[in-house]
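Colleague: As a plain string of letters, each chain reads:
There are 2 protein chains.
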Amino acid sequence: MRKIYLEDTPLREAQEQLKKRISFLPKIETIPTARALGRVTAEPVYAKVSMPNYHASAMDGIAVKAEKTYAAHEQNPVRLKHGMDYVEVDTGDPIPAPFDAVIMIEYVHQVDEQTVEILEPVAPWQHIRPIGEDVVVGEVIVPAHHKLRPVDLGALLAGGNLQVPVYRKPKVIIIPTGSELIPPSEHVAEGEIIEFNGTVFAAYLEEWGAEPVLHSIVKDDYATIREALRAAVQEADIVLLNAGSSAGREDYTVHVVEELGEVLTHGVATRPGKPVVVGIVEGKPVIGLPGYPVSAYLNLEWFARSLVQHYYGVMEQERQRIHATMGRRVVSVMGAEDFIRMTIGYIDGKYIANPLTRAAGVTMSMVRADGLLRIPPGDLGYEQGELAELELYRPLEQIHRTIVATGSQDLTMDVLDALLRRSGPDRFLVSSHVGSMGGIMAIQKGEAHIAGVHLFDEESGTYNLPFVEKYLRGKDIVLLQLVYRQQGWMVKKGNPLGIFTVVDLIRPDVTYINRQRGAGTRLLLDHLLKQEGIDREQIYGYSREAVSHLSVAAAVSGGTADVGLGIYSAAKAMGLDFLPVAEERYDLLMSGSFYRSKEGAQLLECIRSQNFVHEVERLGGYNCRDTGSIIYMSPPF
Amino acid sequence: MRKIYLEDTPLREAQEQLKKRISFLPKIETIPTARALGRVTAEPVYAKVSMPNYHASAMDGIAVKAEKTYAAHEQNPVRLKHGMDYVEVDTGDPIPAPFDAVIMIEYVHQVDEQTVEILEPVAPWQHIRPIGEDVVVGEVIVPAHHKLRPVDLGALLAGGNLQVPVYRKPKVIIIPTGSELIPPSEHVAEGEIIEFNGTVFAAYLEEWGAEPVLHSIVKDDYATIREALRAAVQEADIVLLNAGSSAGREDYTVHVVEELGEVLTHGVATRPGKPVVVGIVEGKPVIGLPGYPVSAYLNLEWFARSLVQHYYGVMEQERQRIHATMGRRVVSVMGAEDFIRMTIGYIDGKYIANPLTRAAGVTMSMVRADGLLRIPPGDLGYEQGELAELELYRPLEQIHRTIVATGSQDLTMDVLDALLRRSGPDRFLVSSHVGSMGGIMAIQKGEAHIAGVHLFDEESGTYNLPFVEKYLRGKDIVLLQLVYRQQGWMVKKGNPLGIFTVVDLIRPDVTYINRQRGAGTRLLLDHLLKQEGIDREQIYGYSREAVSHLSVAAAVSGGTADVGLGIYSAAKAMGLDFLPVAEERYDLLMSGSFYRSKEGAQLLECIRSQNFVHEVERLGGYNCRDTGSIIYMSPPF
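Protein chains in written order, with the UniProt record's numbering: chain A, 1 to 637; chain B, 1 to 637.
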């Protein structure tokens with residue numbers, strides 16, 4: 001059918017091989033020092049003038065000849081005459097001959113306009129900045145291969161260096177390829193994909209000190225791609241092709257590079273990130289990056305970033321690393337080096353990390369990631385509770401100040417986050433969605449500060465409290481009323497299939513989409529089925545799981561399902577009709593220690609504010625009649 | 001004479017007071033997402049389209065109807081017909097109806113052009129990326145007050161956000177004031193100072209996300225400064241005046257701010273950095289920064305940076321902190337918060353920190369600093385050997401890879417550093433100058449990897465080894481021959497005073513400039529004096545100490561001394577005549593553990609390279625006849 005081959009070259013081997021084969025000869029350009037921030041010096045820079053270039057007063061006071069003061073003491077004031085024995089000087093003024101010391105103004109007693117008196121002797125050169133105190137002619141100000149910081153610019157100018165020799169930025173041409181790609185747009189037809197990787201690559205390259213050039217989109221055509229690459233290597237120091245780096249029918253990168261030059265690597269032993277092409281065309285490195293955003297960005301860092309560093313002869317700052325406790329078991333892909341995006345929470349003095357989706361196509365997982373976990377090829381992974389080292393994507397202080405929310409997903413959590421951030425610069429709320437039962441478990445295991453829960457207990461006919469009593473007995477916790485919300489059937493506009501009650505779900509023409517196990521919404525469905533005596537097996541689609549209200553709505557909107565259960569705001573967002581089924585209580589469960597913390601107080605303040613009620617009610621489908629009241633608080637320990 | 005007043009307001013109090021009085025109303029601008037890197041969002045941004053917006057194949061393979069595969073197993077291959085039962089799909093392709101699953105190409109056996117065979121069943125929705133897998137319409141992509149990273153731009157575009165609402169950058173007008181200031185130049189007359197603080201401020205502000213505007217230099221004239229400030233507050237969000245913030249005769253900042261607005265603070269309880277003016281004019285914060293670069297940059301960070309953060313409602317990443325052992329005693333200034341620039345070495349697994357000069361005028365101390373030590377007002381400081389927390393100015397990995405050189409200063413150390421950096425991106429050599437004896441002590445205390453020494457022993461008539469034997473007995477060390485170098489009298493061009501031997505130094509018309517205690521050059525002078533039976537007291541200037549060859553040369557060149565002892569290259573750099581006195585041996589002393597380390601091997605390779613010999617001999621005044629040979633190696637332990 002088509003030729004399938006992809007190597008499993010160890011990442012480091014592929015990187016080393018490329019570096020060994022590429023030697024850049026960067027051009028040097030001499031640019032104004034004032035515009036050289038972040039540029040890399042091509043040579044050591046020496047001072048051309050001394051700073052100061054004269055003996056300067058270091059204080060406000062008077063310049064004197066030190067020997068005229070030697071006799072002074074408290075019982076024997078010495079009088080000095082203006083012009084002859086002293087002159088006034090301010091900080092930075094030259095010391096006129098024959099003076100050789102400065103007395104601070106605080107120790108000078110004015111006798112009359114022309115006379116001062118002093119009570120202490122001074123040593124020669126006291127309070128005088130000698131020539132070259134800051135910078136001496138001939139001194140090295142900055143070495144070669146040095147990335148210029150603001151203060152370096154100051155020292156260069158102080159040393160008379162108005163220009164500075166720096167390496168020209170490496171030009172990186174980014175060629176997006178793919179017939180399905182369209183430039184960013186708000187109107188996307190089926191089968192079209194917005195080209196956004198190029199923008200992300202360009203932004204990263206800019207941060208790393210390169211000069212990115214984003215080529216227009218090239219269709220999936222062998223000859224067109226080849227000619228684009230052939231032209232690019234004439235101009236660029238590095239060329240990136242994206243995508244088409246795998247081994248599919250229309251994956252031309254490897255063939256094009258092979259025809260024009262040499263393929264060094266096709267496929268690295270990493271998950272994600274495997275399908276990369278590393279090659280050389282006319283002496284220029286060419287990287288074929290995969291189409292999936294996560295794979296693409298990881299490979300960009302592994303290959304393009306290290307080429308830029310190689311070009312400049314500098315090492316970039318590595319990301320900070322911390323050790324965190326695994327909140328869940330993290331299993332490795334055998335035989336590959338795993339890179340797993342993780343969230344990190346700082347709960348009761350411990351870092352708790354949990355994996356995000358491993359799907360390489362989910363850009364949002366990179367946006368949400370707090371860190372990256374690397375599992376070497378031989379390792380099996382980590383058990384829950386084990387410590388592992390993570391590379392941080394966010395500053396550690398931000399992680400320290402972040403309120404970790406989990407449990408059931410609800411749009412009011414976004415409102416809370418927005419209000420929190422608006423209330424102060426050091427406040428963050430980060431949500432992950434694991435369903436109500438998952439939320440209870442997270443609080444039990446100390447993996448989150450707060451959890452949204454809406455669990456209906458059939459026996460008592462009430463929400464949440466029976467579950468808290470069952471699973472969190474003896475724990476220090478608080479249950480807070482957040483909102484009442486409407487759950488209902490989400491159906492296509494106009495309800496073409498006429499779905500009104502749970503009984504309609506078993507009709508043969510109706511496809512359902514469910515929520516994941518442990519989700520309160522799924523339990524609500526189960527309760528409704530039980531009331532009507534309907535067997536789950538009768539519902540087509542019961543086993544198909546979506547992990548959020550919006551995903552369910554998206555499935556209905558996209559036509560792969562006819563109905564799902566969810567909240568009003570999700571239906572509204574996707575332009576669906578909504579048929580109310582039940583009002584439920586959506587509470588916030590939190591640990592007692594969080595409730596009593598500063599962050600807890602800030603959150604409560606937001607929840608109880610008029611703004612919160614106002615913005616939640618604007619969403620529709622909510623009622624805030626008991627918002628902020630405490631339903632349960634465990635007795636003090 | 002003039003009014004003297006400066007408060008000692010605690011820094012935090014001054015910061016809080018300013019923040020409390022300033023509330024920014026930042027304008028919002030909507031800009032193309034592709035150009036929004038580093039900008040701060042003004043609102044939460046929601047997805048406008050789903051990504052993907054259709055069900056897409058997640059693999060290269062064939063799209064099938066899952067139920068048609070249910071019967072397949074190894075003993076019962078199922079055959080599928082092209083077009084009817086399957087179509088070929090590549091990653092990213094839409095799944096045409098009625099298909100609902102994808103089988104990877106690896107599991108498809110081609111029977112003929114129109115028929116494939118499969119051996120395993122597939123579940124519905126296998127290898128299909130559902131609509132919105134990456135981004136779902138209505139989902140929050142980034143919250144408000146979020147500094148946009150490359151990956152955020154990708155997610156925004158994926159969600160159909162071609163534009164993004166961000167805060168306009170705060171405009172910061174920087175007004176340099178001072179009649180002695182001139183724009184950067186290579187020709188500086190006496191009494192002129194190059195204005196470089198403005199460039200440094202602008203660069204920092206750019207890094208912090210502000211829009212700096214550097215005003216032309218304003219003379220020290222009350223009315224001119226006042227009009228410049230009056231105009232600036234009309235346009236800017238923040239105004240910086242530099243300098244004139246102290247309480248001297250021509251320090252107008254406080255008076256100008258008082259006339260046009262309100263002074264909140266004049267003087268903070270810090271050393272350095274005390275003379276700052278913090279005020280408000282027409283609702284705009286005005287910061288009067290001191291003239292000394294170090295004081296200025298610290299105050300810029302304390303006040304301007306925190307204003308920019310306040311404007312955006314974000315917190316910037318704090319600098320990394322480490323604990324380091326104090327290599328020397330560090331004494332605090334009583335009653336003030338001390339900020340001391342420090343070097344940090346990583347020696348035998350320990351961080352060793354030493355203070356740089358405290359002079360607030362030395363820009364180079366900021367360039368050279370690896371970190372900042374803060375001593376709170378009440379504290380007395382740190383004893384040698386005590387641990388203290390430092391804020392890092394350089395990435396920790398760089399500090400780990402840096403070879404710490406100390407001891408006597410010599411220009412060949414700069415050559416070595418340049419060669420090392422050229423040889424690889426992760427190699428640094430950082431020198432500090434404490435004299436030869438200081439170098440021996442540093443090796444003894446484990447505070448440096450290598451030390452340059454040139455100590456003449458009168459008794460044996462040899463260099464260095466007798467001192468090593470005396471002070472480093474029983475220590476694991478290596479003494480390596482680096483260079484022979486000429487020491488000589490440095491005198492003005494043409495030797496106007498006719499200075500030829502040490503006897504000339506006692507002439508009444510001759511002023512000498514000496515080196516600091518423990519410097520080998522000073523010991524050489526003492527040896528010469530002893531040989532001639534001359535008393536130190538007879539030499540005018542014996543007690544005036546400079547800490548480097550270049551500083552001595554600068555003093556002679558500047559006319560405050562007639563002669564000093566030093567090396568040829570320093571005399572050459574300052575355009576002086578040089579009269580050779582003695583050839584001495586300049587050795588490198590190093591710990592055995594460093595000698596045996598990877599870094600030690602890299603250094604040795606550089607020392608023994610042809611490039612080193614070539615570049616050193618080009619400096620003049622050196623001889624490399626024994627360079628790289630080992631003079632002494634302690635027996636193994």
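Each hint should be verified, as a subset may be incorrect.
[What the hints assert, rightly or not] Below 27 Å or equal to it, Euclidean Cα-Cα: the simulated DSS-like pairs (lysine-lysine) are:
no.	chain 1	residue 1	chain 2	residue 2
1	B	Lys-27	A	Lys-147
2	A	Lys-572	B	Lys-48
3	A	Lys-48	B	Lys-147
4	B	Lys-171	A	Lys-492
5	A	Lys-219	B	Lys-48
6	B	Lys-48	A	Lys-598
7	B	Lys-48	B	Lys-27
8	B	Lys-20	A	Lys-147
9	A	Lys-171	B	Lys-171
10	B	Lys-171	A	Lys-598
11	A	Lys-48	B	Lys-219
12	B	Lys-48	B	Lys-171
[Stated by the list, open to error] In silico contact screen, one side only, chain B against chain A (beta carbon under 10 Å); selected entries:
no.	residue
13	Glu-43
14	His-146
15	Met-334
16	Gly-335
17	Ala-336
Calculated from the structure, these hints are not laboratory results. Just so we're clear, the structure is a prediction, and the values are computed from it rather than from any experiment. Glycine included, every Cβ here is placed at the ideal spot set by N, Cα and C.
Colleague: All the hints need checking, so say for each whether the structure fits it.
Modeller: Hints, one by one, checked against the model:
no., hint, result
1, B:Lys-27 / A:Lys-147, "violated, 33 Å"
2, A:Lys-572 / B:Lys-48, "holds, 13 Å"
3, A:Lys-48 / B:Lys-147, "violated, 40 Å"
4, B:Lys-171 / A:Lys-492, "violated, 50 Å"
5, A:Lys-219 / B:Lys-48, "holds, 26 Å"
6, B:Lys-48 / A:Lys-598, "violated, 36 Å"
7, B:Lys-48 / B:Lys-27, "holds, 24 Å"
8, B:Lys-20 / A:Lys-147, "violated, 37 Å"
9, A:Lys-171 / B:Lys-171, "violated, 31 Å"
10, B:Lys-171 / A:Lys-598, "violated, 34 Å"
11, A:Lys-48 / B:Lys-219, "holds, 26 Å"
12, B:Lys-48 / B:Lys-171, "violated, 32 Å"
13, Glu-43, "holds, 8 Å"
14, His-146, "holds, 8 Å"
15, Met-334, "violated, 17 Å"
16, Gly-335, "violated, 16 Å"
17, Ala-336, "violated, 16 Å"
Of the numbered hints listed earlier, those contradicted by the structure are 1, 3, 4, 6, 8, 9, 10, 12, 15, 16 and 17.
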